[in-house]
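J.: Residue numbers (my numbering), protein chains in the order written: chain H, 1 to 151; chain D, 1 to 158.
It should be emphasised that the hints constitute simulated quantities derived from the structure, not laboratory data. Some clues are possibly wrong.
[Unchecked claim] Covered stretches of chain H, going by a simulated chain D footprint (3 or more residues, C-beta under 8 Å):
{"id": "1", "region": "6–19"}
{"id": "2", "region": "80–91"}
{"id": "3", "region": "97–104"}
Where is the CB? At the ideal position from N, CA and C, for every residue including glycine.
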Amino acid sequence: MNRWGFIIGLSFGFLLGSGRVSEYQKIHDMLMLRDPYLYLMMGSAVAVAAPLLWLLSRRGWRTPFGGPLTLKRYRPARKDYLGSIVFGAGWAITGSCPGAILAMIGGGSLLGLIVALGAFSGLMLRDVVADRAIARPLPRTSYGELQSIRS
Amino acid sequence: MVHLLPDRLPWFIVGPLIGLTVVWLYALANRPLGASGMFEEVVTLARRPAEATRWRVWLFLGIVAGAAIEALLAGRPASGLAYGSLGDLVPLPLLVPLLFGGGLLVGYGARWAGGCTSGHGICGTAVGSPGSLMAAGTFMVTAILVTAGLHLISGGAL
């Protein structure tokens, strides 16, 4: 699977570069609602993937490396909203999301390395904060609250 | 410079091919093509190498290599220290901490929400997961509002 991982990564990175997701200006113009390109790109990706995935899972597709295909659906939770607000703010400031950061670095951006450093720090910081919340003394939080902090 | 590729391929070619790439990974390994998950895997590899899923680290490296190949074929020079209108507006000594801070929010938020533009926005949405749809809607709206705010604060320079 390592080889497949690299090949799929090559394909995804090549496409992100082709769509110029690797550039601040392109994402900024998307979020300023000046350029519909990236909305159309994302929308058409979903439009192609959704029916194919549905068909594969309906036919009981067995993946060679990960068992039977299971498309995980889950109910929205607090973390989806709060995490996405923080993520959206960072996306707007940097004009870059995790996939775009990697494409930016591939395109020879030195500043992309700074954004990547920030992203790595941010995800490790989130783990520290989540672990602290869990480790809080019991009398202050009920079990239900502990569950909602973790999720 | 040689230009073997146009400056930007049309969305109706790039988008569907990204969709097929997503299906390709699901069909092989039953996992979403989420970029923030790959960042997490790199951290796992550094901290507890035995627990890391190696192929997801290869995916991470593949994206960088794929984008580099595309930039070379399109004959686009390395962007170096250029950063669009943000780079024109903010001097480098300020731009570096700003981008680090923005990146911090990206990583923190994506870890918290359990996904980013690719994981929730494309994969989770294609699967029809209500949680992913809400996450994608939330970060889209937030990013559009914050961008509008930055546009106003910068007096229209951004």
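J.: Run every hint past the structure and note whether it holds.
T.: Do the hints match the structure? See the list:
no., hint, in the structure
1, 6–19, "holds (count 14)"
2, 80–91, "holds (count 12)"
3, 97–104, "holds (count 8)"
Checked against the numbered hints above, the structure breaks none of them.
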